[in-house]
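K.L.:
Chain by chain, the residues:
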Amino acid sequence: MSGTPLLSLAIWIPILAGLIVLATGSDRNAPLARMLSLMGALAGLLVTIPLYTGFDMHTPAMQFVELKTWIPRFNVNYHLGVDGISMLFVILNSFITVTVVLAGWQVIDNKVAQYNAGFLIMSGLLNGIFSALDGLLFYVFFEASLIPLYLIIGIWGGPKRVYAAFKFFLFTLFGSLLFLIALLYLFIASGGSFSILDWHQLPIGMTAQTWLFLAFLVAFAVKVPMWPVHTWLPDAHVEAPTGGSIVLAAIALKLGAYGFLRFSLPITPDASHALGGLVIALSLIAIIYIGFVALAQEDMKKLVAYSSIAHMGFVTLGFFIFSALGIEGALVQMISHGFVSGAMFFSIGVMYDRAHSRQIADYGGVVNKMPKFAAFFMLFAMANAGLPATSGFVGEFMVILAAVDHHFWVAFAAASTMIVGAAYTLWMYKRVVFGAVANHHVAELTDINAREFFIFVLFAIGALGMGLYPQPFTEVMHSSVNELLRHVALSKIQ
Amino acid sequence: MTLAEMQFLTPDLRIATAEIFILLMACLILLFDLLAKDRKRTATFVATQLTLIGAAVITFSTSSGEISYTFSNMYVGDLMADLLKLLLYLTVMVVLFYSRGYILEREQMAKGEYYALALFATLGMMVMISANHFVTVYIGLELLSLSLYAMVAMNRDSIPATEAAMKYFVLGALASGLLLYGMSMIYGATGTLEITAVAERLYSGQADGTILVFGVVFLVSGIAFKLGVVPFHMWIPDVYHGAPTAVTLFIATAPKLAAFAMVIRLLVNGLIVLSQDWQTMLILLSVLSMGIGNIAAIAQTNLKRMLAYSAISHMGFMLLGMVTGVVGGDARFALNAYSSSMFYVITYVLTSAGTFGMILLLARAGFESDEIDDFKGLNKRSPWFAAMMMMMMFSMAGVPFFVGFFAKFSVLQAVVAAGYLWLAIVAIFFSLIGCFYYLRVVKIMYFDQPTNPTPIAAPLDVKVLMSANGLAVALLGIFPQALMSLCAFALLRSL
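For the record, the sequence lines run as chains A and B.
1 is the number that UniProt numbering gives to position 1 of the first sequence; each next residue is one higher, with no gaps.
288 is the number that UniProt numbering gives to position 288 of the second sequence; each next residue is one higher, with no gaps.
Excised from the complex, chain B in its bound form (with noise of 0.2 Å):
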C-alpha cells in the first residue's frame, strides 16, 4: 500500500473529536455506573457533566470557521455546526442539572443509565448536526431516537409513560421510514446519498423531476415529523404529557436544535435548488402549525400539554424563517432569514428549557406539578420564581422586552423582507391567539390565591440555575445583538 493510498484511508478525525469523546466516556459511564453503591448516582452525574464540559472544550479548541469534509465527505465541520454543538452541551447540562432531583424522587429513573442514555442522545443529535451525507443524518437521528424512546420509557410502571414511549416510537418509526423513502427516491434521481453532491447534481440539472419531487415531499414528511409541526404532530402532546417531566424536559429543548440542523442540511444545503417546492410545503405546515397550535392550546389544563402545543405553534412560526430564504430565484435574503430561525430556535430552546425547569422545581415526590392550577398562587409562594415563570411567559408570549420578543421580530422581519406581508399577518393574527393561556398562567400564578402554600423545596443550586435561566430571557432580551450576530456570522461562514 502507497503512502497516499494510507492518507486517503485515513480520515481526518479532527472534526469528529468530540463525538469520539462522547461515546468512549458514554461506554465507560455505563460500564462504571454498574459498580456504583450509591443510590443518588453522584459521580455518574458528575460524570456526566465533566464530559460535557470535556466535549466542549473539545469542540471549542478544533473549531476552525472553515467547512472542511471527513470520513469520505460523510461528516462536515463548519462554523454552525460547533455553534449548535456547543449550545447543545449547556442545554444538556442545564437540562441534566434540573432533572437531577426529580429522578432521584422516582426509583425507577434513579439509575445511571438516565445518564449514559443522555449521553447517545447527545452524541446522536451532534451526528445530525454534523451530517453531510443521508445516511448519517439517519444513523443520527435513529440514535437520538431510540435513546428517547427509552428514556421516555424508564419510569416504566407509569401508565401514561410507557403508553407515550409506545406512541413515540410508533410514530417515530413511520416518520423514519417516510424519512428513508424519500432519500431513496432523491438517490434514484440524482444518483448519490452525499448531501453536498446532490446540491451539485441538482444544479447542473441532470436530475429527474418527478421522482424529485415526490422524494423531497417524504422528505419533508419526515422533517415535520421530527419537528412535531401540523399535521405530523400527533404524537407531540401525548409524548410532551405522558413522559416524566425530566424526559420531556429533554425533548423539549436539545433536538429542536438538531432537528433545525437536519433543516439546514437536508434542505438548504442538499435541495436549495429545489427551494420552491419545500418552500411552498413549509408555508403550509408552518400556518397550519401555528393556527392548531395556538388554538388547542387554549383548551390545556395542563401544563405539559399546553406546552406541548406551544412547541407546535413555536417550531411553526421558527420554518416561517426558512420558507423566505429564496424568493423568486434570489437568494440575497437567505442568510438573513436563516439565521432568524437560528435566533428563534436558540432563544425557543432557552425559554422551554426555563419553562419545564420550573416544572420540575415545583414537583417533588409523588406530586408532578404538571397542571396549570398548581402553579396557583405561586407569587405568595415565591414571588422570585413566580417573576421567573412570568418572564418566561412574556417571552413565549413574543411581548418585550423579553428574548422571545426579538426572535419573533427577527423572523418577522425576513418574512416582510421577502415580501410575504400576508403571512406575516397570519404569523401575527395566532400569536396574538397564542397570548391567551401564556397571559392566563401568569393570572394563575398572580390573580389566584394558594392552594398549596409549601414553600418551594428545591436544592440551592437548581434555584440558581433557574434564576440564571430566567435573567438570560430577560438580559437577552435587552441585548439580542450578540446572539443574533453571532447566529448570522456562523451561517455566514457555513452556506
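Pulled out of the complex, with its shape left as it was, chain A reads as follows (with noise of 0.2 Å):
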C-alpha cells in the first residue's frame, strides 16, 4: 500500500464527498444527498481500514508519511503522519462519520444535502487535525473544524441553539488564538520551522516552557474540556441534533486530549512535569465535582454531557501520571468514550425522534413500549458506568492502577467516581427505562426500526469487543507510548 497517500485521500475524500452533496441543492434531492453521502462516508472509512492492516506496530516513528511544501515563504508544509496514539482516531473518526449520516437518515428533513456536506466536511478536518505534522496544518484544521459544527449547531440546533453555537465557537477559538501565538513563538524560536517533530527536539528553557504550556493548556484544556472552561459543552450538546452530539462527544473533545499528548508532553515536558499536579488537580475536580453535577441533571443529553466531562477528566489525569499504563489507559478511554457517548447521544436522539423531549421526568416505563432499544441503552448505560467486560471499565482501570502507582490518594479519588458514575448513569436509566408507563407520550413510543437497530450493533461492537479484547487496540499504541515518555522523561532546559 505504501505510495498511496492513505492520509491525504482520509481527509479529502469527505470533504470532496461533501462538496459533491452540496451542489445537489435543495430537499427535493433529499434521497440523493443521503446516498451519495453514505457512499462518501464509506469511502472514507474504507480508505482508513489500511491504515491499521498496515501499520507496523514495531516502531514509534510516523508511518504513512505525506511531506508536501505548502507555504514555502513561512516554510509550512503539508505534512501528514501518524503514530500508534494518532492512528486509531483517523478510524475512528471515519467510523463516527458513517453512524452520523445513518443516525440523521429519516431524522433531517430540512436542508439535508447541508446537514450531511456539514458532517462530511468536518470529517475530513477532524481527519487532518489527528494526521498534521505540521503546526500550522494542524491549526489550520483545527480552526476550520470549528466552522461546520457551528453552523450543524445552529442550524438543525434546539430553542436556545443561536446562544449555544456562539458559545461554542468563541470559546474554542479564545483557547486556539493563544496556541496561535505559541506556534509562533516555536516557529521562531526554532528558527523558521512548523514541523511538531522538530519543536520535539527544540531546547527551550523553563520560563519559556511554562509560557508554552500555559498557553497549550489554555487551548485544549477548553477542547477537552476541563473544569473550570467547561460550561460551553453542556450548552453545545443540549442545543445541537443528535449527530452533532455524535460527533462533538466522539471526536471533538478527543482533540484537546490529543493536543497534550502531540504538543504539551513532548514540546514542553519540564514544563508538564512542574504543572503535572495542577492539570491532575483540574482532572480530579472534573471527575468528583462534575460527577456530582452530573447526579443532579434533568435533562438527559446534559447529563451525558457532564458525564463526558467526567470521563475526560480520566483522560488528562492518566496523561499526567506520566506512566506508560496511565497514558495507554487514557488512550483506551478515549476510543472507549468515542463508542460508548457516541451511543449514549444516540440512545437519546431516538427517544427524542418520538416523543420530542429530552427530560428524564417526561419519560417512565420506557421498556414497556421499547424492549429492543432498552436493552442496548442497557449495554450502553453499562459501558457508561465503567462496567467490566465494556469498553468503559478497561481504560478507567489502567489509569486507576496508574494513579495507584502515582499516588494512592489521588487513585483513591478517581476509583470513588466508580461509584458517582454508576450512581448517575443507572439512576437516570431506571427513571426513564423501568416502571410503568408514565404518560401517553411513552405509550405512543414504537420500537427501534432496522437502521436504528444497525447503528445501535455498529456502536455495541465497539463497545463490547473493545471490553472484551481491547488488545488490538493497546499494542499499536505500545511503540510510541514509550518513545513518547522516554522523551518526556529527557530535559529540554540546556
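Heads up, a few of these hints could be off.
Listed below are several chain B residues computed to face chain A (Cβ distance under 8 Å; list not exhaustive) [to be verified]:
(1) 394
(2) 400
(3) 401
(4) 416
(5) 417
(6) 428
(7) 439
(8) 480
(9) 488
Read the hints as simulated data drawn from the structure, not as lab findings.
Quick caveat: nothing in here was measured; it's all calculated off a predicted structure.
Each residue gets a CB set at the ideal place from its N, CA and C atoms; glycine is no exception.
Build the complex from these two chains, which are given one at a time in their own frames, with help from the hints.
P.N.:
Here it is in C-alpha cells:
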C-alpha cells in the first residue's frame, strides 16, 4: 500500500464528497443527497482501514508520511503522518461519520444536503487534525473544524441554538488563538520551522516552557473540556442535533486530549512535570465535582454531557501520571468514550425523535414500549458506568492502576467516581426505562427500526469488542507511547 | 540650448505612461459622455473598463523591475508601484462592475460623471503610489479626495449622503492640513521636499531634531486620518454609512492600497531613520483602532456601519506590520514585516470588495439592503451567495482556510519575530472580540428565517464576478504562497 497517500485520501475524500453533496441542492434531491453522503462516508472509512492493517506496530516513527511544501515563504509544509497514538482516531472518526450519516437518515428533512455535507467536511478536517505533523497545518484544520459544527448547531439545533453555537465557537476560538501565539513563538525559536517533530527536539528554557505550556493548556483545556472552562459543552450538547452531539462527544473532545500528547508533553516536558500537579488537580475536580453535577441533571443530554466531562477527566489524569499504563489507559478511555458517548447520545436522540423531549421526568416505563431499545440502552449505560467487560471499564481501570503507582489518594479519589458514575447513569436509566408507562407520550412510543438497530449494533460491537479484547487497540500504541515517555523524561533545559 | 540641456528638460515619461493615458481617457470620456443619449451609459461604462485594461497593459509592459525616477526625482517607478497599480486597476474594474446596477437604479447617479470621477480618483491613487516628493503625494491625495467627495455627494437629494460628503470634506481638509503642516516642518528641518533626499539628509544627521519630531507627528496624524485609524477615524462610520453603497464600496477598497503606498513612501522611504519615533505612534494607533473598531462594531445594526468599524480595526491590524520593521535600529525584519502588511491590505481589499459587493447584489431600486437584518435567511433565498458571504465573513474574522487567516498570520509572525509578544496577544484578543460580529452576520444568514423571500435578481455578470470574488477568498486561503511571495518580491526590489 506504500505510495498511496492514504491520509490525504482520508482527509479529502469526505471533504470532496461533502462538496458534491452540497451540489445536489434543494431538499427535492434529499434521497440522492443521503445516498451520496453515505457513499462518501463509507469511502472515507474504507481508505482508513489500510492504516490499521498496514501499520507497523514495532516502530514509534511516523508512518504513512506525506510531505509536500505548502507555503515555502514561512516554511509551512503539507506534512501528514500517524503513529500509534493518532492512527486509531483517524479510523474512529471515519467510523463515527458513517453512523452520523445513518443517524440523520430519516430524522433530518430540512436542508438535508447541507446537513450531511457539514458532517462530511468536518470529518475530513478532523482527520486532518489527527494526521497533521506541521504545526500550522494542525492549527488550520483545528480552527476550520469549528465552522461546520457552528453551523450544524446553529441551523439544526434546539431552541437556544444561537447562544450555544456562539458560546461553542468563541470559547474554542479563545483557546486556539493563544495556541497560535505559542506556535508562532516556536516557529521563531526554532529558526523558522513549523514541523512538530522538529519542535519535539527543540531545547527551550524553563520560563518559555511554562508560558508555552500554559498557552497549550488553555487551548486544549477548552477543547477537552476541563473544569473550569467546560461550560460551553453542556449547552452545545443540549442544543446540537443528535449527529452533532455524537461527533462532538466522540471526536471533537478528543482533539484537546490529543493536543496534550502531541504538543504539551513532548514540546514542554519540564513544564509538564512541574505543572502536572495542576492538571491532575483539575482532572480530579472534573471527575468528582462534575460527576456530582451530572447526578443533579434533569435533562438527559446534559447528564451525558457532564458525564463526558468527567470521563475526559480520566483522560487528562492518565496523561499527567507519566506512565505507560496511564497514557495507554487514557487513550483506551478516549476511544471507548467515542463509542459509548456516541451511543448514549444516539439513544437519547432515538427517544427525542419520537417523544420530542429530553427531560428525564417526561419518561418512565419506556421498556414496555421499546424493549429492543431498552436492551441496547442498558448496554451503553453500563458501559458509561464502567462495568467490566465493556470498553468503559478497561480505560478507567488502567488509569486508576497507574494512579495507584503515582499517588494513593489520587487513585482513591478517581476510583470513588466509579460509584458516582454508576449512580447517575443507572439512576437516569431506571427513571427513564423502568417502571410503569408514565404518560401517553411514552405509550405512543414505537420500538427502533432496522436502521436504528443497525447503528446500535455498530456501536455495540465497538463497546463490547474493546471491553472483551482490548489488545488490538493497545498493542499498536505501545511503541509510540514508550517513545513519548522516553522523550518526556528528558529535560529540554540546557 | 545644447543637447545635454534638452535631455535634462525632457522627463522620462515611461514611468508615467499609464497615468498620462488614464488622464487623457478620463477627459475624453467626460467629453464624449455629454453626447451620449443612452440613459444606461453603456458606452461610457465600457470605455472606462477598457481604459483600465489599457492602463494595465501599459503598466505591465513598461514595468522594468528597477527603481527609476523621473520629473526631477518627483516621481518614482518600482516594482511595488507596478504591483499596486495593477491591483488598483483590477479593484476599480471590479468595483465598477458591482456598482453599475446600483447606480442605474438611482436617477441622480446614473450619469457618466460617476465613471469619470472613478478614473480621476484612480489617477490620484496612482500618483500617490508613485510619489517621491511631498508635493506629489499631496497632489495625488487631493485628486483622490476631491473625486471621492463628489462621488459621495452624487446622490444629492439624499440627506445622509450630503451630510456624509460634508463631513468627509471638512475632516478630509483638516487631514490635508495636518499632512501639509507636517511636510512643511520636515522641509524646515531638512531643506528638501524630495522623499529620497529627506532620507539621505536624515542619514547624514544634518537635520534639526525637535522640528523633525513635530513634523513626524503631524505627518503620521495626516496618514492616520487617511487610513482611518483611531483617534482619526470619526469620518469613517458616517461616510461609509451615508454614502451610496456603490461609493462606499469604492472608498472601502481601492484607496486602502494607495494609503498603504503612502505609508511606505512617507514613513519607510523618507523617514526610516526616525522609525523609532513613528513606530511608537503607530503602535498606539494600531492598538486603539483594533480595540475601538472591534468593540464599536458589535453595537451596529447597519451592515455598512459595522463594516466601517471593521475597516478601522483591519487598518489597525495592518499597521502592526508597519511597527515591527525596525527593531532597535536593526532593519533585518523590515522586508518580512512590510510585505506582511502589504499582503494584509491586498487581501483586505479583496474581501471588502466582496462584502460590499454582496450588499449591492441584494439591493434594488428603493431598497438599500444595508441593514444586517436584510440578510436574514439568505441561506434560504440563495445558498450559493450565502456561502460566499459566509466565506467573506470568516475570512475577515481570520478563520482558516480563508485568506484572512493567512493575512493575520503573516502580520502576527512579523510581530512575534520582532519580539513584540504582548502586541501579538493584544491583537489576538481584539480579533476574538471581532469574531463575534462576523459570526452574527453568519447567524443572521443561516440560523434565521427570511423576512423577504424574493430571489436575488442581479445580472449574470455580477453573479459570476461575485462568485469569483468569493472563491478567490477561499482559494487564496488554500494557496496563499504566490501572493505572499509576490508581495515580498516586489518590496525586496523596491526598498
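K.L.:
None of the hints should be skipped; say for each whether it holds.
P.N.:
For each hint, the structure was consulted:
With 8 Å as the threshold, the beta carbon of residue 394(B) comes within range of chain A, its nearest partner Cβ sitting at about 6 Å, so the hint holds. With its C-beta approaching chain A no nearer than about 4 Å, residue 400(B) sits inside the 8 Å limit, and its interface hint holds. Interface restraint check for residue 401(B): the shortest CB-CB distance to chain A comes to about 5 Å, inside 8 Å, so the restraint holds. Annotation: interface hint on residue 416(B) holds; nearest CB of chain A at approximately 4 Å, less than 8 Å.
Annotation: interface hint on residue 417(B) holds; nearest CB of chain A at approximately 5 Å, less than 8 Å. The beta carbon of residue 428(B) comes within 4 Å of a beta carbon in chain A, closer than 8 Å, and the hint placing it at the interface holds. Annotation: residue 439(B) was flagged as interfacial toward chain A, and the flag holds, the nearest CB pair being 6 Å apart, inside 8 Å. Against a cut-off of 8 Å between C-beta atoms, the interface hint on residue 480(B) holds, since the closest Cβ of chain A lies about 6 Å away.
A cut of 8 Å between beta carbons decides the hint on residue 488(B): the least distance to chain A is about 7 Å, and the hint holds.
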